[in-house]
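**Student:** Listed below are the residues making up each chain.
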Amino acid sequence: MKTMKNLPASYQRYQRQTLLPGFGDAGQFKLLAGSVLVIGAGGLGCPVLQYLAAAGVGTIGIVDHDVVSLSNLHRQVLYGMDDIGNPKAPIAANRLRAINPELNFHVYQEYMTPLNIIHIIKDYDVIVDGTDNFTTRYLINDACVLLSKPLVFGAISRFEGQVAVFNVPSGKEGHCIHYRDLFPHPPQDGEVTNCAESGVLGVLPGIIGAWMANEVIKLLAGLGKTLSGSLLTYNALTNDTMQWQLQKREDSDALVPPTVAALHKKDYAWECGVPSTDLEIDSASFEEMLKEKNVALIDVRELHETPLLKRWEHMQIPLSELMESQREFIAENIVFICQSGKRSITAANWAKQKYKDKKFYSVKGGVEGLKA
Amino acid sequence: MEILFFGQLADMVGKPSWQTDTVQDTDALKARLEATFKGLQQVKYMIAVNKKMVQTNTTLSCTDSIALMPPFSGG
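Line by line, the protein sequences are chains U and H.
When we follow numbering that gives the first Met the number 0, the leftmost residue of the first sequence carries the number 0, and every step to the right adds one.
When we follow numbering that gives the first Met the number 0, the leftmost residue of the second sequence carries the number 0, and every step to the right adds one.
Since the hints were made in silico from the structure, they are not lab data.
Treat the hints with care, as some may be off.
What the hints assert, rightly or not - Beyond 10 Å from chain U on every Cβ pair, some chain H residues (computed):
1. Q7
2. D10
3. Q18
4. T21
5. A34
6. T35
7. Q40
8. K43
9. S72
What the hints assert, rightly or not - Straight line, CA to CA, 16 Å or less: simulated EDC-like cross-link-like pairs of lysine to aspartate or glutamate:
10. U:K351 / U:E301
11. U:K148 / U:E109
12. H:K43 / U:D124
13. U:K292 / U:E331
14. H:K37 / U:E320
15. H:K37 / U:E323
16. U:K1 / U:D24
17. U:K358 / U:E270
18. H:K14 / U:E323
19. U:K363 / U:D239
20. H:K50 / U:D239
21. U:K355 / U:E331
22. U:K357 / U:E327
23. H:K14 / H:E1
24. U:K353 / U:E320
25. U:K353 / U:E327
26. H:K43 / U:E270
27. U:K358 / U:E279
Ideal Cβ positions, reconstructed from N, Cα and C, are used throughout, including at glycine.
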């Protein structure tokens with residue numbers, strides 16, 4: 000019989016979990032035979048990867064195109080000061096190899112696109128979404144629906160987090176619920192702020208990521224009850240957790256491209272309304288422009304956001320307020336600014352449609368870009 | 000009845016929860032919410048009644064707990 004005792008090093012390594020009723024050697028062999036692809040090696044990806052490697056998931060894929068920056072370190076716990084400026088995926092793989100050299104690691108230092116996603120995810124048992132934008136989240140969802148891949152989903156916003164397991168049959172009818180059952184269409188770009196814009200408590204992705212890793216382990220080892228068919232939410236400020244029962248929508252499956260060829264052709268950035276950037280100006284043109292007459296600067300951040308714009312005369316109109324109100328602009332040229340340049344480009348594209356007789360601009364990189 | 004707001008929706012309406020007179024169903028509730036908090040017209044959210052997501056118009060009673068959940072993008 001195949002037992003862990005025939006593998007002395009592994010026996011010791013996993014002994015505390017093989018002791019568990021319902022897990023045992025059989026559960027460990029399932030993990031070792033399993034393969035998981037973690038997309039995004041950031042705030043969520045780091046804890047997911049650490050726990051999956053420690054638990055002995057045999058094959059782990061890591062997808063991330065980004066490099067480590069200082070502002071990552073408060074939550075992306077696989078990285079250190081020496082890693083700043085270097086690519087995340089291979090560094091993460093090296094750290095995980097140091098934790099558990101028995102495993103196979105595959106590094107994909109690239110963006111997920113409609114063209115490469117199927118090829119990358121097709122051989123993995125479970126896919127983990129730890130990305131930070133809707134364009135990629137909807138792409139991953141659709142690709143996993145197409146290939147019937149279990150998808151462990153996690154997402155955060157400031158002090159709150161969401162966890163779910165998609166594409167695993169749930170309930171009496173055995174429906175496979177996925178992200179488009181919750182939110183059939185992606186929010187438009189700028190409608191929901193990201194961590195760079197709205198902030199995130201460093202420990203929060205640690206908590207949510209550990210929750211995601213737990214779901215992966217249960218899926219692979221066939222343990223307990225997973226979150227399929229439900230959404231778990233957590234609030235770090237109040238410790239409130241809620242488990243929401245999800246429902247299958249009639250139209251959700253029809254929103255997913257029906258074939259791989261159709262997925263290849265789908266423009267996810269367009270679906271997410273990622274705006275055209277031809278209204279963007281860089282910081283040098285911004286300074287020049289403000290010297291001219293007939294130019295108004297509008298800060299579209301929420302009123303409490305800092306740093307304040309002390310150097311330039313400006314108005315404060317948060318994006319949500321701007322888009323609701325009817326107002327007249329006196330100046331001919333209106334420059335929008337926000338924290339990172341995301342909301343301001345949304346404002347500029349929106350205003351361009353609405354007020355045809357004025358010129359609108361957005362400061363690329365926002366207030367953060369001006370500091371440098 | 001009490002309505003709970005999650006994520007950015009709480010910022011948008013300026014509070015984590017809101018008390019309002021009982022409304023007949025979720026469509027009427029949506030209309031009242033979007034008339035009171037105009038920002039909600041612009042964003043996507045899902046409505047849950049007693050922790051169960053609803054997609055079609057659903058009759059409400061004063062004891063129901065209602066929550067509005069937006070999508071989160073952060074990772």
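**Student:** Compare the structure with each hint and give your call.
**Tutor:** Hints and how they fare:
no. : hint            : in the structure
1   : Q7              : violated, 6 Å
2   : D10             : violated, 7 Å
3   : Q18             : holds, 18 Å
4   : T21             : holds, 22 Å
5   : A34             : holds, 12 Å
6   : T35             : holds, 13 Å
7   : Q40             : violated, 8 Å
8   : K43             : violated, 5 Å
9   : S72             : violated, 5 Å
10  : U:K351 / U:E301 : violated, 21 Å
11  : U:K148 / U:E109 : violated, 21 Å
12  : H:K43 / U:D124  : violated, 31 Å
13  : U:K292 / U:E331 : holds, 9 Å
14  : H:K37 / U:E320  : holds, 9 Å
15  : H:K37 / U:E323  : holds, 7 Å
16  : U:K1 / U:D24    : holds, 8 Å
17  : U:K358 / U:E270 : violated, 26 Å
18  : H:K14 / U:E323  : violated, 19 Å
19  : U:K363 / U:D239 : violated, 38 Å
20  : H:K50 / U:D239  : holds, 13 Å
21  : U:K355 / U:E331 : holds, 11 Å
22  : U:K357 / U:E327 : holds, 10 Å
23  : H:K14 / H:E1    : holds, 12 Å
24  : U:K353 / U:E320 : holds, 15 Å
25  : U:K353 / U:E327 : holds, 11 Å
26  : H:K43 / U:E270  : holds, 14 Å
27  : U:K358 / U:E279 : holds, 12 Å
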